[in-house]
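Novice: Now for the letters of each chain:
There are 2 protein chains.
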Amino acid sequence: MLPRFFAALACCLPLSCWTPAQAADVTTVRIAQLQIKPECLHAFTLAVREGMEAALRTEPGVLAIYAVADKNDPTRLTFFEMYADDAAYERHRQTPHFQKYFHTTKSMIASRVLHEALPVELRDKHNTPARPGR
Amino acid sequence: MLPRFFAALACCLPLSCWTPAQAADVTTVRIAQLQIKPECLHAFTLAVREGMEAALRTEPGVLAIYAVADKNDPTRLTFFEMYADDAAYERHRQTPHFQKYFHTTKSMIASRVLHEALPVELRDKHNTPARPGR
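Chains W and C, in that order, give the protein sequences. Residue 428 is where the first sequence starts when you use our numbering, and the numbers rise one by one after that. Residue 428 is where the second sequence starts when you use our numbering, and the numbers rise one by one after that.
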């Protein structure tokens, strides 16, 4: 019975302890600053959520997309996006969900500035877990 | 022997499968844009790395700090920082490692702009694992 138990354990552990792609895998970063027309903010947010969910779920090279709003102006948004490499970013732009987001929201955006960036140091709780007391 | 094995397993599994804090726990975001004096860039980067490692390792409320450089100008840096809440951010500013970083690098920074932000949607491979083919 014991060997069978170990075999079952070996099958289950990689699934339950699977580690997804980390910040350490990032080579391409994009930062987008968007000004949204106030009357479009709700519709824009819905489109963003749908597009981001699809991108993270279906594209292995899209590692993170963080959308945040200025604390004093909810229509001023920043997107901080991390990709495995430039090719992953280019593929992302061609996906049906990105194209849908892009065309749906085009008229909702008052201005957009895109910055290309490279990682200097990317730290989070996945690559540097907190160990309180140390 | 089997019960002892299960007891040992129960002790080990929570460690190996422990899930660290996620983007979903973030309520406070700070974005800092820094222009570094070119002659100080190397020293600045070393100080940043040391401070970030200590912050993530010792502060449970510091969830991520991502430092990136403009693709065409390595002295133009952006810091995208995620905290559990405002109190965690304030505590972070008072830590010895932040104070050391702050005073060490003060003279290396030509300009600094800090933006306070709130999450709109934060997605990464930890809260939305990729499932290729879907």
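A couple of the hints might just be wrong.
Claimed, not checked - Computed list of lysine-lysine pairs in BS3-like fashion (alpha-carbon distance at most 27 angstroms, straight line):
(1) C:K527 <-> W:K533
(2) C:K464 <-> C:K527
(3) W:K533 <-> C:K464
(4) W:K464 <-> W:K498
(5) W:K464 <-> W:K527
(6) C:K464 <-> C:K533
Everything labelled a hint here was simulated from the structure, so no lab data went into it.
Novice: A separate judgement is required for each hint: does it hold in the structure or not?
Specialist: Here's how the hints hold up against the structure:
Our distance criterion of 27 angstroms between C-alpha atoms is broken by K527 (chain C) and K533 (chain W), whose separation comes to about 45 angstroms. Under the criterion of a C-alpha separation no larger than 27 angstroms, the hint pairing K464 (chain C) with K527 (chain C) is consistent with the structure, at around 19 angstroms. A threshold of 27 angstroms between alpha carbons decides the hint, and for K533 (chain W) with K464 (chain C) the separation of about 38 angstroms lies outside it, so the pair is violated. Of the supplied pair hints, the one linking K464 (chain W) and K498 (chain W) holds, its CA atoms being roughly 17 angstroms apart against a limit of 27 angstroms.
Of the supplied pair hints, the one linking K464 (chain W) and K527 (chain W) holds, its CA atoms being roughly 19 angstroms apart against a limit of 27 angstroms. About 11 angstroms separates the Cα atoms of K464 (chain C) and K533 (chain C), which keeps this hinted pair within 27 angstroms; it holds.
Of the numbered hints stated above, those contradicted by the structure are hints 1 and 3, listed in ascending order.
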